[in-house]
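Student: Spelled out from the first residue to the last, the chains are:
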Amino acid sequence: DQQVKQNSPSLSVQEGRISILNCDYTNSMFDYFLWYKKYPAEGPTFLISISSIKDKNEDGRFTVFLNKSAKHLSLHIVPSQPGDSAVYFCAARNTGNQFYFGTGTSLTVIP
Amino acid sequence: KAGVTQTPRYLIKTRGQQVTLSCSPISGHRSVSWYQQTPGQGLQFLFEYFSETQRNKGNFPGRFSGRQFSNSRSEMNVSTLELGDSALYLCASSSGGGAGANVLTFGAGSRLTVL
Numbered sequence: 228d229q230q231v232k233q234n235s236p237s238l239s240v241q242e243g244r245i246s247i248l249n250c251d252y253t254n255s256m257f258d259y260f261l262w263y264k265k266y267p268a269e270g271p272t273f274l275i276s277i278s279s280i281k282d283k284n285e286d287g288r289f290t291v292f293l294n295k296s297a298k299h300l301s302l303h304i305v306p307s308q309p310g311d312s313a314v315y316f317c318a319a320r321n322t323g324n325q326f327y328f329g330t331g332t333s334l335t336v337i338p
Numbered sequence: 149k150a151g152v153t154q155t156p157r158y159l160i161k162t163r164g165q166q167v168t169l170s171c172s173p174i175s176g177h178r179s180v181s182w183y184q185q186t187p188g189q190g191l192q193f194l195f196e197y198f199s200e201t202q203r204n205k206g207n208f209p210g211r212f213s214g215r216q217f218s219n220s221r222s223e224m225n226v227s228t229l230e231l232g233d234s235a236l237y238l239c240a241s242s243s244g245g246g247a248g249a250n251v252l253t254f255g256a257g258s259r260l261t262v263l
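Residue numbers (the working numbering), protein chains in the order written: chain A, 228 to 338; chain B, 149 to 263.
No wet-lab data here; the hints were simulated from the structure. Among the hints, a few may not be true.
Said to hold, decoys possible - What follows is a list of derived Cβ distance ranges for each label pair: (1) 305/A x 202/B: 18 to 26 angstroms; (2) 255/A x 208/B: 24 to 32 angstroms; (3) 287/A x 165/B: 31 to 39 angstroms; (4) 236/A x 228/B: 26 to 34 angstroms; (5) 338/A x 160/B: 35 to 43 angstroms.
Claimed, not checked - In silico lysine to any residue, SDA-like type, Cα no more than 20 angstroms apart, as pairs: (6) 281/A x 303/A; (7) 161/B x 260/B; (8) 232/A x 207/B; (9) 205/B x 254/A; (10) 283/A x 296/A; (11) 264/A x 189/B; (12) 298/A x 256/A; (13) 281/A x 250/B; (14) 232/A x 166/B; (15) 295/A x 253/A; (16) 283/A x 266/A; (17) 264/A x 211/B; (18) 232/A x 188/B; (19) 264/A x 234/A; (20) 264/A x 205/B; (21) 264/A x 151/B; (22) 232/A x 187/B; (23) 264/A x 259/B.
Glycine is no exception: its CB is placed at the ideal position from the N, C-alpha and C atoms.
Please construct the entire structure, taking both the sequences and the accompanying hints into account.
Tutor: Here's what the structure looks like:
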């Protein structure tokens, strides 16, 4: 039962343009949402998070949007850089501190 | 502050054998979680330990087990290995608190290959 879904396995974007990564979830009881970035042969690293009581959080080039009514989360990267090429996982946390991850979206930023 | 350390980084086993993986969390973190990553399946949750007690458990067979020691270090064990157990096993630590920005910090993983 996949409670967090990333329906796009891959995405290619030109350098300097916006990258939009999407994520859907099914459990309305999740209280925190996170994005992680993963390079090959490394563990995922935390990128940005958002509480369920907010609808937007921004950190430099990265912005996460939360639409609770649609149970939808998105990550915007502006402008995209070649170093952003990686696999991005979205995750959701329930009140029992259990985290659920999506299957990942592989982002390629073309120079 | 040292990060999450996982050992070994790579290992090869044959079907039927068993394996033990180790994880040392960030100092002060009391929660350790284990995930299995396979192509196309994302990160599948195995279990979480907090203060030496299993607090959450995913949908994996009983061949997968774990434990946590008093210093918060954790081990996971897989018995009677199957080919499908080949994966990257990731350990993550966190403060374990339920409120606020409780973020998982991952180790680099242990790559297990079962032949």
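Student: Each hint needs a verdict: does it hold in this structure or not?
Tutor: Verification of the supplied hints:
1. 305/A x 202/B: 18 to 26 angstroms: 42 angstroms, violated
2. 255/A x 208/B: 24 to 32 angstroms: For residue 208/B against residue 255/A, whose Cβ atoms are near 26 angstroms apart, the range 24 to 32 angstroms holds.
3. 287/A x 165/B: 31 to 39 angstroms: 46 angstroms, violated
4. 236/A x 228/B: 26 to 34 angstroms: 32 angstroms, holds
5. 338/A x 160/B: 35 to 43 angstroms: Since the Cβ atoms of residue 338/A and residue 160/B sit about 37 angstroms apart, the hinted range of 35 to 43 angstroms holds.
6. 281/A x 303/A: 16 angstroms, holds
7. 161/B x 260/B: 8 angstroms, holds
8. 232/A x 207/B: 17 angstroms, holds
9. 205/B x 254/A: Distance of about 18 angstroms is within 20 angstroms: holds.
10. 283/A x 296/A: 14 angstroms, holds
11. 264/A x 189/B: 16 angstroms, holds
12. 298/A x 256/A: Status holds; Cα separation ~11 angstroms.
13. 281/A x 250/B: Status holds; Cα separation ~16 angstroms.
14. 232/A x 166/B: Violated, at about 32 angstroms.
15. 295/A x 253/A: 10 angstroms, holds
16. 283/A x 266/A: 26 angstroms, violated
17. 264/A x 211/B: Violated, at roughly 30 angstroms.
18. 232/A x 188/B: Roughly 12 angstroms separates the two Cα atoms, so the pair holds.
19. 264/A x 234/A: Between residue 264/A and residue 234/A the Cα gap is close to 17 angstroms, so the pair holds against 20 angstroms.
20. 264/A x 205/B: Violated, because 24 angstroms separates the two Cα atoms, which is more than 20 angstroms.
21. 264/A x 151/B: Holds, at roughly 16 angstroms.
22. 232/A x 187/B: Distance ~15 angstroms between residue 232/A and residue 187/B Cα, so the pair holds.
23. 264/A x 259/B: Judged against 20 angstroms, a Cα distance of about 18 angstroms means the pair holds.
The structure is inconsistent with the numbered hints 1, 3, 14, 16, 17 and 20, although it conforms to all the rest.
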